[in-house]
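Chain residues, written in single-letter form:
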Amino acid sequence: MSAQEQGHVVEYPALLKVWGTLLLLTAALVGASRVSPAAAVWAMLVLTPVKAALVLFFFMHLKYEGALLKGMVFTALSVLVVFISLLFLDISFR
Amino acid sequence: MSEEAGRDYQGSKIGMWLFLFTEFMLFGGLFILYAGSRALNPEAFHEASRELSVPLGVANTLILLTSSLFVAAALTAIQKGDRTLSMRLTGLTAACGALFLVNKGVEWGLKFQHGLYPNGPGLAGRPAGEPLFFGLYYIMTGLHGLHVLAGTALLVLMTVLLARGRVRQDDYVLLENSGLYWHLVDVIWIFLLPLFYLAA
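Quick note, the sequences are listed as chains H and V, same order. The letter at position 55 of the first sequence is residue 55 when you use the working numbering, and the numbering goes up by one with no holes. The letter at position 149 of the second sequence is residue 149 when you use the working numbering, and the numbering goes up by one with no holes.
No lab work stands behind these hints: they were computed from the structure. Some clues are possibly wrong.
[Said to hold, decoys possible] In the SDA-like style, the derived pairs of lysine to any residue whose C-alpha atoms are separated by at most 25 Å in a straight line are: (1) H/K63 - V/N177; (2) H/K70 - V/L18; (3) V/K104 - V/R38; (4) V/K13 - H/L77; (5) H/K17 - V/G81.
Since the model is a prediction, treat every value here as computed from it, not as a measurement.
This is chain V alone, in the form it adopts within the complex:
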């Protein structure tokens, strides 16, 4: 019985989902703010969106979608008892997370160079909607980036716990919940891509 072992598989998963709901609402509030701002400033959002690099945004989408595949496969691997494969896949997922952040850092760096940051010279004299667009861009991709950072750290931890046998074939809920968190990060990015990069 799971209770005798001090574990509750279903309870652990439900707890994780409840936490994910709070994340839905956190980002949902920002999406509502974006939608309202865009409805009031359609032209400015369209113009400001041209400044963002579609190739960089799409590259990060491919990285996150692939990392989601890796972490889902890592769960399948440990369910089948293949610890080595599972460790490789969680390691690859964490590497994807790091790559995503490097990519995002390059992207932000390019924007800073052009003075496109809150109160920056690149935004001076532009219609009010454009600084608003960039404000939302930095807040939403920044908050998402923090989630990627947390998820990457979590997946490094999972790789260590797999190596130590703390996550194993008959007790893998920690990896499953970490995977859920990582997929949530992916789902949020799925919405961020068209809102910011493909809006022009």
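With the rest of the complex left out, here is chain H:
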């Protein structure tokens, strides 16, 4: 065993593909914002989390991490989603 447990190596072409996809999604997001306010909101709700997920899974290597780290990230983000949901419940029903 080496001095350090080795992390996963993500090859350059894979990184370039993720980068290209992120640029395309950004272009789609900007394009949708010019179509209509509704399109802008839907694009934001759908494309923005996809972009964040691409960065998390590939650039941040989350895809190659073990269940412990994945579970920790899932738990932290779930807490945030719960808070945001509670906020909108409050605004919708006040």
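Given the structure of chain H, go ahead and fit chain V onto it with the hints provided.
What follows is chain V alone, placed relative to chain H:
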């Protein structure tokens, strides 16, 4: 064994992620504040958002996405033992961070010229939601800018540590964790772009 060398690769990474969670919550709280304020002032947020420059916001998005590619590739490079390439890429990432801040400075400068700052003449007499929008804009992009500044400093440090052989093929967790921090800064910006610049 990693413990014998006084190192714990997995532990270091988990520690970094725990810190990143606190960052999620810090910005998450601000996103909740934004969402609540916008839900209560939809018209004012729409109008105020028109004042922001979409080209400048998109340019900064391209800079950060590209810098994220650079730092991810820098990690791949050192994992493959190519120290020179890794140093070039961390240097380029830091340069992107500096460029982002210059761009942001120009953008804030233009807003100041138009009196669009808290209690500024440009916001006098406007509906209450518009100063609120700009308040959130300055707090959130400002706090994000501080993170870009910290990340840039961290990447300059990584370039130095790579040069000194402190970060190397068999011990690169410092660079990996710095990369994680940089990607987090990118992820936050991914959310800031549609919330502020594309909301009009």
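Tested hints:
| no. | hint | result |
| --- | --- | --- |
| 1 | H/K63 - V/N177 | holds, 16 Å |
| 2 | H/K70 - V/L18 | holds, 12 Å |
| 3 | V/K104 - V/R38 | holds, 23 Å |
| 4 | V/K13 - H/L77 | holds, 18 Å |
| 5 | H/K17 - V/G81 | holds, 22 Å |
Hint compliance for this structure: no hint is broken.
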